[in-house]
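A.B. asks: Using the sequences plus the hints, can you model the full thing?
Protein chains in written order, with my numbering: chain F, 8 to 161; chain X, 8 to 161.
Hints are supplied without guarantee of correctness; some may be wrong.
A pair counts as met if it fits within one copy or between any two copies, since identical chains are not told apart.
[What the hints assert, rightly or not] Listed below are the simulated DSSO-like cross-link pairs for lysine-lysine, each with C-alpha atoms no more than 27 Å apart in a straight line:
| # | residue 1 | residue 2 |
| --- | --- | --- |
| 1 | 33 | 56 |
| 2 | 152 | 99 |
| 3 | 33 | 99 |
Note that these hints are calculated values from the structure, not bench results. Small disclaimer: the values here were computed from a predicted structure and weren't measured.
Below are the chains, spelled out letter by letter.
There are 2 protein chains.
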Amino acid sequence: MNKLVSIAALTLAMSVAGIAVAEQLKPEEQIQTRQAGYSFMSWNMGKIKANLEGEFSQPQVAAAANAIAGIANSGMGALYGPGTDKDIGDVKTRVKPELFTEQEKVGEVARNFIQAANNMAEVAAMAESPEDVKSAFGKLGESCKGCHDEFRKD
Amino acid sequence: MNKLVSIAALTLAMSVAGIAVAEQLKPEEQIQTRQAGYSFMSWNMGKIKANLEGEFSQPQVAAAANAIAGIANSGMGALYGPGTDKDIGDVKTRVKPELFTEQEKVGEVARNFIQAANNMAEVAAMAESPEDVKSAFGKLGESCKGCHDEFRKD
Numbered sequence: 008m009n010k011l012v013s014i015a016a017l018t019l020a021m022s023v024a025g026i027a028v029a030e031q032l033k034p035e036e037q038i039q040t041r042q043a044g045y046s047f048m049s050w051n052m053g054k055i056k057a058n059l060e061g062e063f064s065q066p067q068v069a070a071a072a073n074a075i076a077g078i079a080n081s082g083m084g085a086l087y088g089p090g091t092d093k094d095i096g097d098v099k100t101r102v103k104p105e106l107f108t109e110q111e112k113v114g115e116v117a118r119n120f121i122q123a124a125n126n127m128a129e130v131a132a133m134a135e136s137p138e139d140v141k142s143a144f145g146k147l148g149e150s151c152k153g154c155h156d157e158f159r160k161d
Numbered sequence: 008m009n010k011l012v013s014i015a016a017l018t019l020a021m022s023v024a025g026i027a028v029a030e031q032l033k034p035e036e037q038i039q040t041r042q043a044g045y046s047f048m049s050w051n052m053g054k055i056k057a058n059l060e061g062e063f064s065q066p067q068v069a070a071a072a073n074a075i076a077g078i079a080n081s082g083m084g085a086l087y088g089p090g091t092d093k094d095i096g097d098v099k100t101r102v103k104p105e106l107f108t109e110q111e112k113v114g115e116v117a118r119n120f121i122q123a124a125n126n127m128a129e130v131a132a133m134a135e136s137p138e139d140v141k142s143a144f145g146k147l148g149e150s151c152k153g154c155h156d157e158f159r160k161d
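C.D. replies: Below, the structure written as structure tokens:
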């Protein structure tokens with residue numbers, strides 16, 4: 008198994024890696040698929056934010072948190088395979104090359120993100136008011152930013 | 008609330024709709040976000056398929072099934088708002104206009120999909136062999152096809 012795949016999978020995806028099919032996706036497909044995951048999580052983060060700022064629907068917040076946690080735990084590390092560290096034709100990526108070399112730091116931000124996503128889902132499942140989820144949501148947002156600051160351009 | 012949004016949300020998203028933020032996303036953003044969700048689910052369907060055809064990893068199958076179920080239950084109906092029934096500039100959609108008018112049929116395929124996704128996640132959590140998930144995976148694939156055949160072009 009390619010070292011880059013194994014590092015990204017083991018760190019970003021923790022123990023549940025998508026390695027089995029990583030080689031089946033072309034590098035450009037890996038970039039597009041990981042971006043799809045982040046886009047969908049972003050939409051759900053926005054829904055939670057809207058619930059905290061407006062009318063609070065626990066089922067909607069819980070559903071959004073479950074979607075984020077499901078994606079976070081899906082083994083996205085397998086989408087950072089060889090050749091996905093730079094633009095491929097029209098398929099652009101904002102990833103920094105450091106993501107493919109700084110194994111320890113990548114593992115740290117990945118663990119923080121997955122733990123924050125799982126915690127958010129657990130808290131949202133029991134939430135009765137916005138106050139019940141604000142802390143977990145804040146920590147989740149910080150865990151996103153933790154990776155963006157280190158490994159995303161701009 | 009717009010009727011199209013409410014129909015799509017109530018049917019495609021069942022009781023958990025993303026209505027609160029539907030109006031915050033532009034129509035083109037709604038199309039891109041729903042396509043992101045389908046793309047990410049497709050990747051996870053492929054991982055499950057690879058596990059059934061090759062080496063079986065229950066944690067990977069369960070993680071993929073949870074990602075699909077999380078997305079399926081996230082209220083994607085809110086991403087079928089007004090103006091999202093046709094291409095918007097470079098943002099193309101394969102949705103058929105019938106999805107916005109055939110409320111009863113849309114509700115049926117949406118319920119079938121969400122139930123199949125939830126069943127797949129439940130079965131995958133307990134699976135010990137490929138045989139344990141083949142039926143649930145087959146039903147999930149059929150529920151995807153059920154909507155594609157009715158409401159997706161080509």
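A.B. asks: Which hint numbers does the structure go against, in order from smallest to largest?
C.D. replies: none
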